[in-house]
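Peer 1: Taking the hints as your guide, dock the two standalone chains into a single complex.
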Amino acid sequence: MNLRIAQSFASLGRRIPLLGVAFLCFVPLLHATVDDALSFAYEAALPYYKQGFSIRKDAWGGDLGVKEKKAVSSQLFRGNDYWFLMATDVKGASLSVHIYDDKGNLVDAESWQKGRFAGVRVSPKATGTFFAIVQILKSPEDRTPWALVYGYK
Amino acid sequence: MLHSEPPLGEGIFPRFPMKSIFHICAFVVCSALLTTTSLRADNPPQKISLSDFPAAAVDEVVVPVPSEIFAVLDKLGNPNWKGQLRDGKARTPEDRARTALLLGNVIAEGFVAVEAEDAERVKELGRQVLTLAEAINVRKSVIARSKSITDMADQRDWKGVRSEFDGALQDVRSAMQELNDQDLSQLVSLGGWLRGTEVLTSIVQGGFAKDGTELLHQPELVSYFDRCIGTMGKRLRKNPLIVSVRDVLRKIEPIVNEGGDKIIPAQVKTIHEFTHGVNQQIVEGTGGN
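So the sequence lines, in the order shown, correspond to chains P and E.
First residue of the first sequence: 466, per our numbering; consecutive thereafter.
First residue of the second sequence: 150, per our numbering; consecutive thereafter.
So here's chain E without its partners, still in its complex pose (with noise of 0.2 Å):
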């Protein structure tokens, strides 16, 4: 027979000839190679020289929400929060950068709070805010924040009042850059971000040191807001506690320029002691107006 049967195919395609096998397989893959190529059109080059950008083409950097940072302590493991909680209601500041900061703060402690699954604390930090928008003429972009704050602390829904306090301090920085007070809104940010370092230090002192210490690096950060409190009007800069905060910034930004492996433990001490010297002023009023 000069002509024979096309062999057949095995295992999953018994009844098909190997030919037909073979055409299915081509189209299949040239389908799978177009497919990738519309979903991938551009090859990203695998490294590129970032001094090609020139300032002008580099925005900056999005200032993290305190739960980006809570979501790697989660996975650390489980350290005491209800050690790190702050006693105390801090007053309503008169000043306008104090109250700025000091209701950045309050929002990081809410974390704080919600991680010791403290509802009465958590509940309270709650009104705090509220307060201390009020203070600033943006009460009404929280009012509905600290309602759910409360509702779901009594819930002992922690991930929903995580996201709350996330959401308050999105909404109050929006309503300030609306009333453009951009640097209070950056204020609030730093408030929140101080806070949050004083903590992150104090866990990692307390023995999650090796995956926390990386947490620290974050060297654009406090170059941005030297720059931001650089660029803020004359009076502000010159309020004594932007002052004591900006000194905080730059006596612990070659700190944390280091690799995260090569913060030592002296360095993590140091930190906390600034952030803690300068989260009292915030709180107490003490070094500013």
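If we strip away everything but chain P, and leave its shape as in the complex, we get (with noise of 0.2 Å):
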């Protein structure tokens, strides 16, 4: 996993110079992805790996309207730690995940918000079916590119 982090971010670094010359000749097709949106949300799972959890290359994502919620179904179990993060590529934007268990209860053990990034902690009382709610709070963009990935101890 260490590697696949290290190579996305690699990748992205390869990007940038290439970006900035698309950025100058094809401003109007410019447009953020999911792939983009990924690169972010493994950045915002690094702190959490050095920590120990691992974080799958498994991810979840797609694009969503400011204020349109999507939920993400996960298999959990009772006795591991879980971190979700959730990030965009896109500037401005902010967004939030929270955990619900199948009965619709937030089981939340923290969480934090933070412009394009996001994050929660759930430790399972029980095992079985949870489900992320994803939610983008604002962005300048119509719709906008997401992705979740999660990491366990």
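Just so you know, the hints here were simulated from the structure itself, not pulled from any lab data.
Treat the hints loosely; a few may be bogus.
[Said to hold, decoys possible] Short derived list, chain E residues pointing at chain P, Cβ under 10 Å: (1) A206; (2) A220; (3) P228.
Bear in mind that the values here come from a model prediction, so they are computed numbers and not experimental data.
The beta-carbon is built from N, C-alpha and C at its ideal position, and this holds for glycine as well.
Peer 2: Set out below in structure tokens:
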């Protein structure tokens, strides 16, 4: 996973000069993508990786309008700790992620939201299906790409 | 004296007037509140109605990797992992569906070998992963993983080996998705899940009932696998081995739909027998092509 994250950053680093050129030439064509959002989500996950969380390569993603919500279902196991990290690459956007159990009860152990990043920790009291509710709180774009990754330990 | 000196504080602020301490405290509290507000700008409802989310607004479940379950099992105690290891080496099938299921099965077996701290078995399974991956054209994606598994097993770096088996599973699936082999990719996950469930139920029967049984409560996952098979091509859906696997999923689904504490020992035994049976078919080829 370390390698994967390193590769994400390396590829992001390689893309920065190219993105600059592309921006000058094709400004109207430049749109944020879910892949870029995913790079930011991995960036948000990095501190937790350093704390011993294994970060999954599998991720969710898509695009949402402002105030639009989406539920992401996940099988979680009691005994594990989980961090869900959400991000977008759209500057000026803010988003949120919270975890609910299969009866619709909020089960966040802690959560934070900072601009284009958001995170929530959950320590399930029971094994089963949980739902991460993701939402774009504000954005300068009509549709905002987002990505969600999670780690466990 | 009309204007007396303001009272001085005590404790950690002995030299400051009380009024200044009040102002400092007010500033600190306001700053903390502002910081908290910026870190948690939204105020999520304590309860939501999941029926407000139509199917289109719900993303499919991501299948847990084996180490998510093994991480919990680590905390439960020290089962007899050596007793869970499967003997022998499966021959590489010609049927791609069976190969994909077997690949997932072998990766899950790798986790059991890690728990049993059996370095030779781990290395053998690492080589099998490479052989099976080659049979379905994704060898390149796991060459480095296979080598790392061998190296780390020699060093008895069990955490590292586990991480490499996890990585192998995810790399194989990604490579298949790049080849537009979504169906085979799902079968790899399913094969891993079937072997993991067989081992889990065996361990639960062996005396880790209370907390172990709860791990079987995976309703959405079983239903997801069933839906996946339902959307596969007709030829794959009619593959006798896939038919058997789907049959097993449908038989165990009502059991895993129960809350973990409601699953009784007889049901654990039932799940074990079903998964053991279908895993034998995957390994030996009976019931498949």
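Peer 1: Taking the hints in turn, state whether each one holds.
Peer 2: Right, here's what the structure says about each hint:
no. : hint : in the structure
1   : A206 : holds (5 Å)
2   : A220 : holds (6 Å)
3   : P228 : violated (15 Å)
Consistency with the previously given hints fails for number 3 only.
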